[in-house]
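Starting from the given sequences, assemble the full structure and let the hints guide the process.
Chains W and A supply the protein sequences, listed in that same order. Per the working numbering, the very first residue in the first sequence carries number 1; after that it's consecutive. Per the working numbering, the very first residue in the second sequence carries number 1; after that it's consecutive.
Check before you lean on any hint, since a few could be wrong.
Once the Cα atoms are required to be at most 20 Å apart in a straight line, the calculated DMTMM-like pairs of lysine to aspartate or glutamate come out as [stated by the list, open to error]: (1) Lys120(W) x Glu424(A); (2) Lys405(A) x Glu243(W); (3) Lys174(W) x Glu161(W); (4) Lys415(A) x Asp167(W); (5) Lys174(W) x Glu145(W); (6) Lys260(A) x Asp71(W); (7) Lys37(W) x Glu424(A); (8) Lys323(A) x Glu145(W); (9) Lys323(A) x Glu57(W); (10) Lys74(W) x Glu32(W); (11) Lys81(W) x Asp112(W); (12) Lys174(W) x Glu184(W); (13) Lys3(W) x Asp91(W); (14) Lys415(A) x Asp196(W); (15) Lys7(W) x Glu57(W); (16) Lys187(A) x Asp198(A); (17) Lys405(A) x Asp167(W); (18) Lys323(A) x Asp23(W); (19) Lys142(W) x Asp112(W); (20) Lys323(A) x Asp71(W); (21) Lys79(A) x Asp152(A); (22) Lys74(W) x Asp40(W); (23) Lys37(W) x Asp425(A); (24) Lys260(A) x Asp112(W); (25) Lys415(A) x Asp277(A); (26) Lys415(A) x Glu145(W); (27) Lys120(W) x Asp196(W); (28) Lys260(A) x Asp40(W); (29) Lys120(W) x Asp425(A); (30) Lys72(W) x Glu54(W); (31) Lys72(W) x Glu257(A); (32) Lys7(W) x Asp112(W); (33) Lys37(W) x Asp48(W); (34) Lys260(A) x Asp91(W); (35) Lys177(W) x Asp196(W); (36) Lys260(A) x Asp84(W); (37) Lys415(A) x Asp158(W); (38) Lys187(A) x Glu327(A).
Honestly, the hints are just simulated from the structure, not real lab data.
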Amino acid sequence: MFKARLKGDVLKEMIKVVSTLVDEVKLNITGEGITLKAVDPAHVAMVDLSLNKEAFEELEATDCELGVDIDKIKEVLSLAKAGDILDIDHDEEHNKLVVHIENITRHMSLVDTMGMSDPKMPQLNLPANIKLAAAELNQGIKASESISNHIALVANADGFELSSQGDTDSVSLKLRKDLLLHLECSEPVRSLFSLDYFANMIRSVPSSGVVTLAIGQDYPAMMTFEIAEGNGSVTYLLAPRIENE
Amino acid sequence: MKANAHPFDDPTIVRRSKKKMRSDRCSTCRGTRMLCGKARCPIMAKVYANVRTAPLLETRSLAGSSPPSVFVGRFGYPKVDIGPMIPPRFGDTHLLDTPEEWVGQPIDSIIAMRQQLVRGRHSVRADEPEAPDRLLQATRELALGGPPTRIDAMFKKRPSGRIELNSGTQPMGPSAPIESFEMETVKADRRIERAYDDTDLLARDGIMDLYQGGVYVSRIQRALSAGLLGEGKRRRLVPTRWSITAVDSTVGETMMERTKVAPTIDEYRIYETTQLDNRWIIMMMPTEWCYELVEAWYPNTLWNPSQRSISIISSHELYQGRKTYAEIGGCYYAARLASNELLTREGRQAGVVILREAHPGYILPVGVWNVREHVREALRREPARYDSLQGALGHVERMMDIPLKRWIGVSGVLKDRLYQRRLEDYT
Chain W
1 MFKARLKGDV LKEMIKVVST LVDEVKLNIT GEGITLKAVD PAHVAMVDLS LNKEAFEELE
61 ATDCELGVDI DKIKEVLSLA KAGDILDIDH DEEHNKLVVH IENITRHMSL VDTMGMSDPK
121 MPQLNLPANI KLAAAELNQG IKASESISNH IALVANADGF ELSSQGDTDS VSLKLRKDLL
181 LHLECSEPVR SLFSLDYFAN MIRSVPSSGV VTLAIGQDYP AMMTFEIAEG NGSVTYLLAP
241 RIENE
Chain A
1 MKANAHPFDD PTIVRRSKKK MRSDRCSTCR GTRMLCGKAR CPIMAKVYAN VRTAPLLETR
61 SLAGSSPPSV FVGRFGYPKV DIGPMIPPRF GDTHLLDTPE EWVGQPIDSI IAMRQQLVRG
121 RHSVRADEPE APDRLLQATR ELALGGPPTR IDAMFKKRPS GRIELNSGTQ PMGPSAPIES
181 FEMETVKADR RIERAYDDTD LLARDGIMDL YQGGVYVSRI QRALSAGLLG EGKRRRLVPT
241 RWSITAVDST VGETMMERTK VAPTIDEYRI YETTQLDNRW IIMMMPTEWC YELVEAWYPN
301 TLWNPSQRSI SIISSHELYQ GRKTYAEIGG CYYAARLASN ELLTREGRQA GVVILREAHP
361 GYILPVGVWN VREHVREALR REPARYDSLQ GALGHVERMM DIPLKRWIGV SGVLKDRLYQ
421 RRLEDYT
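Printed below as a string of structure tokens:
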């Protein structure tokens, strides 16, 4: 059984986070909230998201799994105005998700969850931890986009840097320790990432959000941030590119 | 036919821009966009100088069996030239316009075949395919046809000129404005006729119905070009060159939807063939769908006028697909179609990298069919199988003249496989 009432904006934030990686996702639903884990088709990135009970206006559910088509949810959300409240319930008899917005009711067929795996989050030991405003990261991404398809994340005890090296030009955004909300770095590290992936992930952070980045040397990066006004959390994992080109 | 002197040395060709010429532009332009700023393409000028002139017709009239074949020009769009193509002989001429059956033929016989096709030109508006214009409607009716159709044509002047060559469409013989033509009753291909009669059918669905009904891609392209497909009011005449890529791209894209959710192949595979002095390697990898076409032009090959350096260009897409038209042009979509045909037959998914090495014997552009049909031909063969990317790349190294490093250096997909780590590398 699943019956929920929530703000359209909360669902929008959640869908934005997931849709950067996958088209379909399995929602694990309990009376305490919704969680999901998904890996993109190229196995380069993964997302782990949870939405607490407090993120909902109302939530009544017994444990279940629902497979949803993200594009369909987006279609419904495009009908919602700012501040609209959505009512969602699972029609078990016809196995459909029923979404009400104002006077609109959409019956949505679900995706079979049989083939959808439960990805495992690798255990990573990441020596650098950086906390900063998403806006700073967005600036660095914007600077890199005209230079290269890759972006390097670099940290040492004094600060954090985003940099890109093109054929002829290069660019970097340097943030000294005092410009960061938090910096903890036991050894100097540097890892290179696909700019496309990284940019899409950072763009799905709610505006005025804060991101905690954990990085290592030629190692995956972990990004953590809050959604639903603190009642939900997201962890992204992104595998690096190795710089021997 | 041999290309030796440097085409850019030809003093009769006036350069309009003072910009320094970069020969690697040629492989992107292929005589169509005039990126060098010259009034005509020096490479094509050179090619023409080496081609035997087509035999001129003695009179303004011509009778023969059209394969059937129609051509829609792209210059002046939305005003376009449309008309039938007619060889000066009767009988079973279908082969003249069926590139699906040309694999294995030497370049000379393809040229000899195509230069028989005399093209009639008649100027019409592309967005008015239903205009009450007898020549237009007769040409469209011809495009419905299955078997060769006898035509008696009268031209406004004697068809003159030489064979027409370009990188998109098949070569063609001389052309002239057409005054009138009579043809025997067209025996319509029933499948094409059905799509034509259905004015609610989207062009995309029409293309797919025909493809799944076993109609040759070249025939679907002809039908699309003649404005026979699509919702009634939205039908258009489509320049032949554009319709070729529209069909390749649409069919490939539709098949890709299934490819992208199918289970992956189990091993690395290398398919190969050599045709028209082009060496082809199709590498399939047991990964998610991604695709790339890399073309390397040797010095002194068609689209590389440089005497010394190799020119390599490539276009690729990763799983998410691409949003812009491929730099490399129509070939990209033709080879993507061929790759997806194999994967659809097997119900599998793979990452596909196609390497084409054009050698100096490839001196004439013969059209995009060259790419589609030769990749198809390679994929009908038995592949070499490897259990690692390194093994497969070793095969490439052995078979190609251009060093592996150069291929990897330009290849977005190979670099992604070699340098991008996956999450499972850390579990």
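* Any of the earlier hints contradicted here, and which numbers? -> 9, 10, 11, 19, 21, 25, 27, 30, 32, 34, 35, 36, 37, 38
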